[in-house]
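> One-letter residues, chain by chain:
2 protein chains.
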Amino acid sequence: MCPTMSTTSSSSSSSWRTLKIGIIGFGTFGQFLSKTMIKQGHSITATSRSDHSQLCHDLGISFYRDMDRFLEAENDVILLCTSILSLSNVVNSIPFHHLKLPTLFVDVLSVKEHPKEVLLQVLPPELDLLCTHPMFGPESGRDSWEGLNFMYDRVRIRDEAVCSSFLQIFARKGCKMLEMSCEEHDKLAARSQFLTHTIARVLSEMKVESTPIDTKNFQTLVQLKETTMNNSYDLFSGLFIHNKYAQEELKNLEVALEKVKQNLLDRMNEELDPSVSKH
Amino acid sequence: MCPTMSTTSSSSSSSWRTLKIGIIGFGTFGQFLSKTMIKQGHSITATSRSDHSQLCHDLGISFYRDMDRFLEAENDVILLCTSILSLSNVVNSIPFHHLKLPTLFVDVLSVKEHPKEVLLQVLPPELDLLCTHPMFGPESGRDSWEGLNFMYDRVRIRDEAVCSSFLQIFARKGCKMLEMSCEEHDKLAARSQFLTHTIARVLSEMKVESTPIDTKNFQTLVQLKETTMNNSYDLFSGLFIHNKYAQEELKNLEVALEKVKQNLLDRMNEELDPSVSKH
Ligand SMILES: NC(=O)c1ccc[n+]([C@@H]2O[C@H](COP(=O)([O-])OP(=O)(O)OC[C@H]3O[C@@H](n4cnc5c(N)ncnc54)[C@H](OP(=O)(O)O)[C@@H]3O)[C@@H](O)[C@H]2O)c1
Ligand SMILES: NC(=O)c1ccc[n+]([C@@H]2O[C@H](COP(=O)([O-])OP(=O)(O)OC[C@H]3O[C@@H](n4cnc5c(N)ncnc54)[C@H](OP(=O)(O)O)[C@@H]3O)[C@@H](O)[C@H]2O)c1
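Protein chains in written order, with our numbering: chain B, 1 to 279; chain A, 1001 to 1279.
Everything labelled a hint here was simulated from the structure, so no lab data went into it.
We put the beta carbon where it would ideally sit given N, CA and C, even for glycine.
None of the hints are false.
Interface residues of chain B toward chain A, partial, derived using beta-carbon atoms under 7 angstroms:
| no. | residue |
| --- | --- |
| 1 | Met135 |
| 2 | Met151 |
| 3 | Glu205 |
| 4 | Met206 |
| 5 | Asn217 |
| 6 | Val260 |
Just so you have them, the derived chain A footprint on chain B, three or more residues with Cβ under 8 angstroms:
| no. | stretch |
| --- | --- |
| 7 | 179–190 |
| 8 | 193–202 |
| 9 | 240–251 |
Simulated pairs of lysine to aspartate or glutamate, EDC-like, Cα-Cα distance not exceeding 16 angstroms:
| no. | chain 1 | residue 1 | chain 2 | residue 2 |
| --- | --- | --- | --- | --- |
| 10 | A | Lys1100 | A | Asp1128 |
| 11 | A | Lys1216 | B | Asp143 |
| 12 | A | Lys1216 | B | Glu146 |
Could you build the full structure based on these sequences and the hints that come with them?
Structure representation (structure tokens):
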């Protein structure tokens, strides 16, 4: 029923088997991941706040409006793809007694300390926990996942076979697999992903658009704005609210902008004031 | 001596002839342009504040430390490639009486109203004036100029043949030729090029570097920072000091960042304050 196969990916030689994966939160990202999982032969069920039954039907996924019935499907893996902001409510509303044990819980939230803390508090101790962040989405991962980063933290793993089979979903697609603590992730992501999203939101707030005289770098910025704005505002605010390093990086951004501005104004004064520029 | 040729570029069918071009300001950008001009058969002389005679010798360019002797070379075109900040001083120090007339003056400054004003004030009225901005540089134009934007304003043109032959340097390389007023250029460039440089300087001020878990968009930002930082600080401050729209765009950037921040803080308060989030 669940044959053990040897991966063909050059990046890892681990074996893997097909999994029964239940997705909680079937929005943009859950849908995106499910397509690859189905192609790899995993069998998927889903539940979500909204009714995605028609789309699920088209994809060959069993969709349950009812969480109790969803949990009865006896999944190997429960994959949490809800928004960062809703995670705590969603997880607290799971009737864990309906679960076939043992189950591996995996989250894919774009912040990592927060889901780790919530899940360690709420999950029954028998359940395994893998915290992950695929550093890509429907835009950047449209054509290929080759070389894209996949961060994971094996927070509480006893069933190595299931955990490894899950990780192989990404390893076999060529992702760069990065084992890292949730804290280290959040520190780095605040300076990279959150900063990128913030700049995109600022450009959008300015209503920056392509011009007839774009430079290449400016075209790059416009494109970055457009692809980033495809993410929900929930996602962006989640990056800020539930990454404790984000506030500091926002402050750093403000300070750096102020510094750049001050340097420009000083230079302007030097240029325009002959008594200074003569020195 | 200067044969009229028919261009092979699909973007224009104008005829052109080889030109004698004298470059004032033989820094990064002057050097970059000269290489293509030489390949196209134009003959180049140069002068500059610093001594570039060795490099010029290697490139087959006559370099004159002395401006008077440089002007005696009887050029068809004098190409101003000095920094934005030094333009006024450089132009005011040109001994115009040494010039063979008529000559076409061309500037390539990244701001356009300022050189137009300075040159209209200082140039003898017999001299033609073409203000241009190639919207690319040694990085973005390294492999090809195909499709890159070239903005120009025919401020005072009587010798159509020389002007057209000069423009063909860029048209034949596949540049997108955009005729536009200097004012319109500055309005657009403050929102595009100046903004791009400012963001790059801010990222540099923050010491933003590649991380092990970069997203594609963040990698793009790091690269944008690196290529932009290859430009001199003189260039960046020139974009600010001599484009009257730049201060406003810097203000717009600050206001937009403040707005994005305020929205995040409001959202955070809603999320964290149960009395608000229950609404
Ligand atoms: N998009 C990406 O590129 C990407 C990449 C890596 C990781 N992620 C992570 O993946 C997760 C999903 O991201 P996303 O792009 O799909 O958009 P999102 O806006 O972050 O999340 C949308 C999902 O959250 C659910 N949801 C939102 N509010 C809810 C609530 N109050 N109660 C219950 N469920 C709620 C939605 O359910 P319904 O659809 O049923 O309404 C939907 O499934 C996020 O944690 C995000 O950080 C996203
Ligand atoms: N780099 C690009 O990608 C690019 C693209 C389009 C347009 N432009 C424009 O091209 C021009 C040159 O740019 P660049 O990249 O070479 O760097 P830049 O720093 O803007 O200008 C350097 C040039 O200006 C000269 N210069 C600087 N200060 C001077 C002074 N006080 N007196 C006399 N000459 C002085 C330098 O002479 P020495 O070398 O002799 O010291 C050098 O030739 C600028 O107007 C820029 O806006 C540049």
